[in-house]
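There are 2 protein chains.
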Amino acid sequence: MLNKTHTKYIQTLHHKKFRDENGVFIAEGPKVVLELLDSREFVCLQLFAVEEWLISNAKTLQQYSGTEIFTVKDFELEKISLLTTANNVLAIFKKKEQRRPAQLKEKITLVLDTIQDPGNLGTIIRTADWFGVENIICSPACADMYNPKVVQSTMGSLARVNIFYTNLQEWLQENETIKKYAAALEGKNIKTLKDTREAIIIIGNEGKGISDAVMSTVDEKITIPKTGEAESLNAAVATGIILAAFS
Amino acid sequence: MLNKTHTKYIQTLHHKKFRDENGVFIAEGPKVVLELLDSREFVCLQLFAVEEWLISNAKTLQQYSGTEIFTVKDFELEKISLLTTANNVLAIFKKKEQRRPAQLKEKITLVLDTIQDPGNLGTIIRTADWFGVENIICSPACADMYNPKVVQSTMGSLARVNIFYTNLQEWLQENETIKKYAAALEGKNIKTLKDTREAIIIIGNEGKGISDAVMSTVDEKITIPKTGEAESLNAAVATGIILAAFS
Numbered sequence: 228m229l230n231k232t233h234t235k236y237i238q239t240l241h242h243k244k245f246r247d248e249n250g251v252f253i254a255e256g257p258k259v260v261l262e263l264l265d266s267r268e269f270v271c272l273q274l275f276a277v278e279e280w281l282i283s284n285a286k287t288l289q290q291y292s293g294t295e296i297f298t299v300k301d302f303e304l305e306k307i308s309l310l311t312t313a314n315n316v317l318a319i320f321k322k323k324e325q326r327r328p329a330q331l332k333e334k335i336t337l338v339l340d341t342i343q344d345p346g347n348l349g350t351i352i353r354t355a356d357w358f359g360v361e362n363i364i365c366s367p368a369c370a371d372m373y374n375p376k377v378v379q380s381t382m383g384s385l386a387r388v389n390i391f392y393t394n395l396q397e398w399l400q401e402n403e404t405i406k407k408y409a410a411a412l413e414g415k416n417i418k419t420l421k422d423t424r425e426a427i428i429i430i431g432n433e434g435k436g437i438s439d440a441v442m443s444t445v446d447e448k449i450t451i452p453k454t455g456e457a458e459s460l461n462a463a464v465a466t467g468i469i470l471a472a473f474s
Numbered sequence: 228m229l230n231k232t233h234t235k236y237i238q239t240l241h242h243k244k245f246r247d248e249n250g251v252f253i254a255e256g257p258k259v260v261l262e263l264l265d266s267r268e269f270v271c272l273q274l275f276a277v278e279e280w281l282i283s284n285a286k287t288l289q290q291y292s293g294t295e296i297f298t299v300k301d302f303e304l305e306k307i308s309l310l311t312t313a314n315n316v317l318a319i320f321k322k323k324e325q326r327r328p329a330q331l332k333e334k335i336t337l338v339l340d341t342i343q344d345p346g347n348l349g350t351i352i353r354t355a356d357w358f359g360v361e362n363i364i365c366s367p368a369c370a371d372m373y374n375p376k377v378v379q380s381t382m383g384s385l386a387r388v389n390i391f392y393t394n395l396q397e398w399l400q401e402n403e404t405i406k407k408y409a410a411a412l413e414g415k416n417i418k419t420l421k422d423t424r425e426a427i428i429i430i431g432n433e434g435k436g437i438s439d440a441v442m443s444t445v446d447e448k449i450t451i452p453k454t455g456e457a458e459s460l461n462a463a464v465a466t467g468i469i470l471a472a473f474s
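If you're matching them up, the sequences are chains A and B in order. With the first sequence counted from 1, adding 227 to any position gets you our numbering. With the second sequence counted from 1, adding 227 to any position gets you our numbering.
Note that these hints are calculated values from the structure, not bench results. It is possible that part of the hints are untrue.
What the hints assert, rightly or not - For each label pair, taking beta carbons as the anchor points, the in silico distance ranges come out as:
| id | chain 1 | residue 1 | chain 2 | residue 2 | range |
| --- | --- | --- | --- | --- | --- |
| 1 | B | 302 | A | 403 | 48 to 56 Å |
| 2 | A | 456 | B | 302 | 33 to 41 Å |
| 3 | A | 414 | B | 447 | 29 to 37 Å |
| 4 | B | 245 | A | 425 | 28 to 36 Å |
| 5 | B | 325 | A | 435 | 45 to 53 Å |
| 6 | B | 422 | A | 248 | 19 to 27 Å |
| 7 | A | 425 | B | 234 | 50 to 58 Å |
| 8 | B | 306 | A | 285 | 46 to 54 Å |
| 9 | A | 323 | B | 228 | 50 to 58 Å |
Computed from a predicted structure; not experimentally measured. C-beta: ideal position from N, C-alpha, C; glycine also.
Excised from the complex, chain A in its bound form:
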């Protein structure tokens, strides 16, 4: 049973300000919630689910003794859900301290400059996870990794990819030994890249591209060859194509 205090509290967590104040975030749907639980990367504080789901996941849930569990009706879940169709379970997790990547040698690292669309950021995190990217560095102007739409579109990959928000120019300058590639409309054809197992790949905002300050640190511009007419590619699609070329 859901009371008004819960409903109000959960609704406030749709906003960054309240997520920051409370140090928590929301995840929805069986796939995302179970992946976050399984990962042990995030502590689950509260879990609201329909009875059927709680019964079929009873074994998993037994392991999380610190989690307050509430059985809710479908119509109650609808009230607190941000999804078009509420999907069995919504959970509140504790945010974690962000962690500066320790080691970039022989790794592909992704740097995102002002990726503001939450769906795009989430899809990029998921794509990075597919290609084994361990770290994503985000500029402060990127969408919040704990925005419910980001969490949703990561499909659980939030549990596996380390995301670090910082001033990009400074961070890039600190990591001067790793070669830096920038996705651009004009640059070296990605098809000519050969077996590059160590790189920092910078993806910019779709409209504005990569900022001058960040671009000044770049070693090589790279391009996805265009054979048609579209002016640009979606940022998540471009990231996928570039990571596939590097992998």
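We have chain A already, so just place chain B on it with the hints.
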């Protein structure tokens, strides 16, 4: 000045039923509206824009004598817009008759089986446009190409890519001479594909994959090699990576 009849009419067009009944659809924002106007593929019936935008695009608009033009205030545009932030212009275009692709020889053709998410469908159309794909064949269960979210995420590519809705199994059987590839979790590594300039590429629903009926027509399954942990890729990202491999 916008009257209540306009507001109501435009709001009904957010629903497929009313778009079909009226044979029209909505496009929003300068980029998408201008690309659709420029293409001459779609007839613009009505255009609602803020004064500033109308002045700076007066020359372009002079060419469209059949278009009813309305000057609206920002707050009026907000009322009829589906965007988070209304963006200067909203236009109503006539839908066009769908056209069966005449010629697939020496072309890459995309087939979409139940791509239901409008944002994904729009992004796939945009990506296809980048790679010069002329035709996309959609199953009837795909999102409507005239859904405002699809139109928006195509970023204007709707004007250049021909989209044809039909029964996929029948259509694929009719085109038996072109080699058919299906994106799957297990198949031939896309990196081993060499210079393939003629192909039908089938992309399935993220959750359910490609239906058995469609799969029965396929010549070869292809796979994007995974080095990380994510269970799957977003359908638009997967399409981009596959088209890049073929191009």
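Now the hints, each set against the structure:
1. A C-beta distance of roughly 51 Å is found between residue 302(B) and residue 403(A), which places it inside the suggested range of 48 to 56 Å.
2. Between residue 456(A) and residue 302(B) the C-beta distance comes to about 35 Å, which sits within the given range of 33 to 41 Å.
3. Remark: the range hint 29 to 37 Å for residue 414(A) to residue 447(B) is upheld by a beta-carbon distance near 32 Å.
4. Taken as a hint, the range 28 to 36 Å is violated for the pair residue 245(B) and residue 425(A), whose Cβ atoms sit roughly 54 Å apart.
5. Hint check: residue 325(B) to residue 435(A), Cβ distance near 36 Å, so the stated range 45 to 53 Å is violated.
6. Between residue 422(B) and residue 248(A), the C-beta spacing of about 56 Å breaks the proposed range 19 to 27 Å.
7. Checking the proposed 50 to 58 Å range against residue 425(A) and residue 234(B) shows it holds: the Cβ atoms sit about 56 Å from each other.
8. The hint said 46 to 54 Å for the Cβ distance between residue 306(B) and residue 285(A), and at roughly 49 Å that hint holds.
9. Restraint check, residue 323(A) to residue 228(B): a C-beta distance of roughly 53 Å satisfies the suggested window 50 to 58 Å.
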